[in-house]
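Protein chains: 4
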Amino acid sequence: MDIKMTAADMGAFLDKAFEQVKGDFTIEDVAPNTLTVRLNVQDKHLRPGGTVSGPSMFALADVSAYLVTMAMIGPEALAVTTNCSIDFMRKPAAGIDLIAKVRLLKLGRQLSVSDVLIYSEGMEAPVARATLTYAIPPIKST
Amino acid sequence: MDIKMTAADMGAFLDKAFEQVKGDFTIEDVAPNTLTVRLNVQDKHLRPGGTVSGPSMFALADVSAYLVTMAMIGPEALAVTTNCSIDFMRKPAAGIDLIAKVRLLKLGRQLSVSDVLIYSEGMEAPVARATLTYAIPPIKST
Amino acid sequence: MDIKMTAADMGAFLDKAFEQVKGDFTIEDVAPNTLTVRLNVQDKHLRPGGTVSGPSMFALADVSAYLVTMAMIGPEALAVTTNCSIDFMRKPAAGIDLIAKVRLLKLGRQLSVSDVLIYSEGMEAPVARATLTYAIPPIKST
Amino acid sequence: MDIKMTAADMGAFLDKAFEQVKGDFTIEDVAPNTLTVRLNVQDKHLRPGGTVSGPSMFALADVSAYLVTMAMIGPEALAVTTNCSIDFMRKPAAGIDLIAKVRLLKLGRQLSVSDVLIYSEGMEAPVARATLTYAIPPIKST
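Protein chains in written order, with this note's numbering: chain A, -14 to 127; chain B, -14 to 127; chain C, -14 to 127; chain D, -14 to 127.
Since the hints were made in silico from the structure, they are not lab data.
None of these values were measured; they are calculated from a predicted model.
There could be a bad hint or two in this list.
[Unchecked claim] Facing chain C, a subset of chain A residues (Cβ under 8 Å, in silico):
(1) Gln5
(2) Ser38
(3) Leu96
(4) Thr118
[Stated by the list, open to error] These stretches of chain D come out as covered by chain A in the derived footprint (C-beta under 8 Å, 3 or more residues):
(5) 7 to 18
(6) 70 to 76
Idealized CB from N, CA, C, for every residue including glycine.
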């Protein structure tokens, strides 16, 4: 299955569709069923001690799973998250960008399932992992 | 087991310890093993169409599970989230505050487990549910 | 919404549709969006020390979420589990039946979401909790 | 970190410690932080149509996460599952053994976190994925 959006397409789509998170994420790399997304860590993402907050890691996992689904079906679909399980395994390094690597494990007609590993940039051990399910709305026949 | 913090204690503790979310949450009610927390919905919490974002609902669930643990063990502990599973079941009503009702299901020496239901204020059907595990650091003997 | 199956209907349906688990489960009580199911604990459900195994608790949560969905939509649907998150919080009492109390939190056209608490019979604190999502196949128009 | 148990050690350990599942699982391969486990599919694992049941897949994920933790810390520890999230993505092929590939993502003093992909033998797309947390009891000093 071919990719229906490039990294540049996705960046433009994000900026337009989600104004509230403009500038937060950069699409680093895209290939069939896989994607790399950077969280450009800013003050609003931090907790005392400079570590990235849980909600910021959730947001990174969520946008990564969304984009890897969009990459395969195209930007027209109004997919919504139905479920996420996330494990926080290590404290992120202070003030360092986070890198999410996402794999699309299933793309069905109604659901997509993706697996995400999140790293502090340059570190080998992941700081978090997540699995997300997106519900894909039925395609209207025309 | 008695409560070790009042709603006012928790509000003051949140404001002091987590500057980045100052004003986001109000503790509505506290009783043994249960707590009600309001997300004071602001523009930064929204998505196009006025619905509250997934990361904002995650943040509400996370802070609620944290506070219900703190209520029982006191504010000195450095508990950290280790796991969350969250289900997004309905679209939140546009521009309406969210109310989280959290129950502490287990308080062990190493782990707490809490269950959260999130509602758009005034609605009967929950918009989301979550379960969170917090790791409680060992108490230093003196 | 009315119940479409009685406890007796469900028992008969289980015995017929799932021969491998015949006699394992008893439907104790049914009401709109809620159900109580007993695991008739037998040697095959145990681990050394007499405690009920994790897979047996998973099976109880799974069948409970399935039946509460069936209760509302009727037995004709071929619903399948798509996701489960389960927390094991306490060791079950040795050789005691388990009681699952399940609530249907959402019944959509495509998905149901249910929440389960599992108790050793007669104990106040739950031994496990689980949330399950079932995919409901599209109803064929006739 | 070196492996503290071989595949043969693990097989013998399973047979001795968990009589109820004797013969169900075969350790195919072990390396640091990774393990391959086979479910020897038998009639008791099946549902109508010949597909492997959800509880059997859960049991395979659970034993795999347990063994990959044991492989690294040795068989003396009484680790217990505290959490599992599992996604059922495709129907397993009828009557075919399942193969679980598990990775240990974190081995802390108190918790291990493992990620499991389950395949029908010989198929490319996974039928299920799971993440499991084990609590590791404190080591008694002597």
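Hint-by-hint comparison with the structure:
1. Gln5: Gln5(A) check fails; min Cβ-Cβ to chain C is 26 Å, beyond 8 Å.
2. Ser38: At about 22 Å, which exceeds the 8 Å cut-off, the nearest Cβ of chain C leaves the hint on Ser38(A) violated.
3. Leu96: holds, 7 Å
4. Thr118: Holds. Min distance 6 Å.
5. 7 to 18: Since three or more residues must qualify, the claim that chain A covers the stretch 7 to 18 of chain D is violated, with 0 doing so at under 8 Å.
6. 70 to 76: Check passed, 4 qualifying residues.
In the structure shown, a violation is registered for the earlier hints numbered 1, 2 and 5, in ascending order.
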